[in-house]
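Since each chain sits alone in its own frame, please combine them into the complex, following the hints.
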Amino acid sequence: MKRFIGFIRKEFYHIFRDKRSLFILFGMPIAQILLFGFAITNEINNVDIAILDHSKDATTQEIINKISASKYFSIDAFITREADIESVFKKGKIKAVLNFEKDFSKKLIKENVATIQIITDATDPNTANTISNYTNSILQKYMQEQNKDIKPIYTIIPQTRMVYNTELKSVFMFVPGVMTIILMLVSAMMTSISITREKELGTMEILLVSPLKPIQVIIGKVVPYILLSVINAIVIVVLSIFIFNMPVEGSLFILGLESVLFIINALSLGILISTISKTQQTAMMISLMGLMLPVILLSGFIFPISSMPLPLQLISHVIPAKWFIIIVKAIMLKGVGITFIWKETLILLGMTLFFIGLSVKKYKIRLE
Amino acid sequence: MKQENVIEVEGLTKTFGDFTAVNAITFKVKKGEIFGFLGANGAGKTTAMKMLIGISNPSSGKATVAGFDVYKQTENIKKSIGYMSQKFALYDDLTITENITFFGGIYGLSRAVIKEKTDILIQELQLQDVAKQLVGSLPLGWKQKLSFSVALLHDPKIIFLDEPTGGVDPITRRQFWEMIYKTANSGTTIFVTTHYMDEAEYCDRVSIMVDGKIEALDTPKNLKKQFGAESMNDVFLKLARG
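Note that the protein sequences, when read in sequence, are chains Y and U. The numbers in my numbering rise by one with no breaks, and the one at position 283 of the first sequence is 283. The numbers in my numbering rise by one with no breaks, and the one at position 181 of the second sequence is 1181.
It should be emphasised that the hints constitute simulated quantities derived from the structure, not laboratory data. Heads up, a few of these hints could be off.
What the hints assert, rightly or not - Far from chain U, by Cβ distances over 10 Å, these chain Y residues were calculated:
1) I79
2) N129
3) G357
Claimed, not checked - Here are the simulated DSBU-like cross-link-like pairs (lysine-lysine), alpha carbons at most 30 Å apart as the crow flies:
4) Y:K2 with U:K1028
5) Y:K2 with U:K1030
6) U:K1224 with Y:K213
7) U:K1117 with Y:K213
8) U:K1238 with Y:K199
9) Y:K362 with U:K1087
10) U:K1087 with Y:K2
11) U:K1028 with Y:K213
12) Y:K213 with U:K1221
13) Y:K278 with U:K1079
14) U:K1115 with Y:K199
15) U:K1062 with Y:K362
C-beta atoms are modelled at their ideal positions from N, C-alpha and C, and glycine is treated no differently.
Chain U extracted, bound-state conformation (with noise of 0.2 Å):
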């Protein structure tokens, strides 16, 4: 694998007034990784991630994404990324088939390159006989595996996934992960934020924010060793309780 970043991110700050959510940031996602974005509710990942994937603009520091500047070149970030979020946002009124034609169409895809990749995903997700169905009328696992699959629809370089196993049972978890360590292996780039640490446990990398700042950042192993502590659990609540 050739180390090459993806996300390249130096002193990246974000206030909102007098509140500082994201305080200089610092880190490096190489090329095909799995990197875990953890941290407690209101730590500030979430705005961390939305100046990433372009929706938000940072207030200093620098950052590029797939090569291109956070501040100038949203418009190719946001063509050379993938995005799930914790809701699985497909539209319920929508079949299977019609929301993957929208979202393919709405990254500009070809008619013919859609209905290809229709095909191919709807053999791999075993969705033959739900394919004309409501996506309303499925359940949480296949929703949310679908989405992920939606999101990879034009071939991102890097895709990420905002607490995307949120509210769904361990089994399809681990088929969820299945996917995640799949795409990785292909060259896609996870950036991923979870809740639970077992999750954490499966990434390369795993950086942890506290209060804005990243507080570690390194491998899980290194990070146990590093804290002394059996699980990253404990690795977490060591550090947030500080």
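Only chain Y is shown next, with the shape it has when bound in the complex (with noise of 0.2 Å):
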């Protein structure tokens, strides 16, 4: 046991005297998440648009007020002619431009119907599309407060309600994916730089000719990192929490225990990365390009698994992440309980436990 005092003491030696690892370590997940959190998000927010009212009569007037008012458009410029659409979208500051055609009241009155144009600058889809939902909906809205005296024949009124995220605040649904990330960061990719650093200094063939086990040594190694990635959890979902006001519906306890599974997880794809790495450099590529790239795109993360190509989908599944993204999601936002969780945590374990299998297999072939 002192020895492996003596061991941990040493790692974190390591750890400590490296500016890049304490960066990696400590920076990048509070750096992540307040990126995700503030900068990168789906919500629009006063976008600034521009009108083109051929009309300029009491309706067009009071749509034009009706859309000022809500928090996610602001009225940049107005413009006279159709000319002027391509010149206000070139200079890239205006997303939309609602165009009123002529003589907008008098149509709706003669002839029940009257056009609004929406024109938007579809460089950034995902905007465009959220754009033109929105302003729908406030003419909607608009045209069913116009004709609530009327009594229609025939009246489908859908009543859609989000629930789990009410709010549809996308660090909602960032959060567990930037905990997966930096957990999966931390866990696999520093572990596996760490054991290569040592095989490739040549110290860890003194370690192996020294009375430790090789066991011990791998232990050792891994040991202080998943007292950091801990740490990490922690700090992330305390930020979510008084950052981002995220909820924590389910029990702090299952998220925490379900934390440490995905850790041990990441760490064993870890030493599994550095039993057939030689190099650092190598560690490194391999945990980014092998670990990272399918975190981030194929565990749901950003693109929803529903909508991928069928491979995809199938190759999404063994991915990890996807299942602990799965997982912090239904205790933070539904606050389920591990009854409705045992499924994707038995599928985790199972993983861990071919990992942690594969890894002590390889590392014995190395030693023979």
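Written as structure tokens, this is what we have:
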């Protein structure tokens, strides 16, 4: 036990004396969570739009007021000619133009139909879509208000309710993802690098010749990273609760246990990577390409798995991060207990055992 | 000096698939001897050494190191030997004292013993002024002496040196061999691989491996006589060229 503590102390010297690993360990999680929370968002806020009003009558004015009153849009310019549309878009600031046709009120009264053209800058398709949806819903609401005295013959009113993330805050979606990425990064990449570093320096050989058993060496290398990863997970959860008001509906205890399971899973992947790579660079490349990319692209963190082509959906099943994100979302947003996520937990556990078994086997082969 | 064998090897073989890296080597090393283990790159010295220090399982043959069997008692072997590789593997980002404490710790030395040994070692190597400095900032020669001393920390019966003088200047090499002599005189057996044939002359006995086999084994003096050569370098060239 005393040997073990000495080993771990040594490992912490390595970590705390290396500015790069310190930055990855502590700077990265905070930077990422703030970045994803504040900067990268699917919501739109105060999008600049321009109005091209050919009618300038009471109705168009009322609609324009409604739009400018919403927090989603701010009216930046009033243009007068169709020809100006292109030039305002080219300047780049304005993302949408609302084009009211001539004699808007009159047509509405006489023919019951009038047209507004919504022109959006689709260089960013997601924003363009959101803008057009938001505008539509404002117009819809306005129509309902106007028509409330008339009794329609036949009406279907869809009542949409978004549950578990009522305000559709994208940060709620990102927090589980960022947590997954950070834990993966710290646990898998840092351990694989630190083990291969010992190999590269030749100290691994010295350790293997010492009375320490190989398994003790590996556990000694891994324990500090378990501790640091747990601290990281706590930092991320605390940040997201206090800065982004992220709810934790479920039990923090279960969240903690699941995180430890995922951390061990990532660590065993890290050990596996270190058994197949000779240099720190290789370990880093394998970790980045082989772990980070799938975690970002195929885990459902950013792109929904259900809309991927079938082969990618199948691949996503073998990515541990996918299951962990499902678990974290379920605990934090839905507040479910273990009874609802035992399947995902079991899959994660199975993968962990598989990776541990595989790396032990690989490790033994190396020693032969 | 008692004629006690600390290493006994008989027909030790290691094969990787079809390739025989070490082919039935047989030799004995006496207590307190400086035993030179020579051979060209790829001749199988490292593989042979790995079997003796307990990190590689032999395919066949018998061997005991410090009286322990290389198949079953590797734990005991590891406690009885010291090992220093050509990379002078100390941690660059730890200070001298931290390195000593760490390596002493993994060999299970108590804190008091480590403290005592550290003081002696730093005094002997005259490292008082730099004891609290990171090892990375030391010149190569110092690192090498330090890592030799660290390998001796737990008073091993045998110390294995894998090309310990690669890349250091002649003066430091000289000083290093003085340390080796001193250690051997105190009864520790030295098992050393080297590329430098002048160093082979310093050894009590030398074995030369060619293609997995030990082709020659004797004192440098006898070997030179046997091959009618001026120096160990000539002996080696004659053997290696076949």
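Status of the hints after comparison with the structure:
1. I79: Given that every Cβ of chain U is farther than 10 Å from that of Y:I79, nearest at about 64 Å, it holds.
2. N129: holds (52 Å)
3. G357: holds (21 Å)
4. Y:K2 with U:K1028: violated (37 Å)
5. Y:K2 with U:K1030: violated (35 Å)
6. U:K1224 with Y:K213: Violated: U:K1224 and Y:K213 sit about 43 Å apart, past 30 Å.
7. U:K1117 with Y:K213: With Cα atoms ~24 Å apart, U:K1117 and Y:K213 stay inside 30 Å; holds.
8. U:K1238 with Y:K199: Violated: U:K1238 and Y:K199 sit about 36 Å apart, past 30 Å.
9. Y:K362 with U:K1087: Status holds; Cα separation ~25 Å.
10. U:K1087 with Y:K2: Given pair U:K1087, Y:K2 holds - Cα atoms ~27 Å apart, limit 30 Å.
11. U:K1028 with Y:K213: Holds, at about 28 Å.
12. Y:K213 with U:K1221: violated (42 Å)
13. Y:K278 with U:K1079: holds (28 Å)
14. U:K1115 with Y:K199: holds (28 Å)
15. U:K1062 with Y:K362: Between U:K1062 and Y:K362 the Cα gap is close to 27 Å, so the pair holds against 30 Å.
Of the numbered hints given earlier, the model fails hints 4, 5, 6, 8, 12; all others are met.
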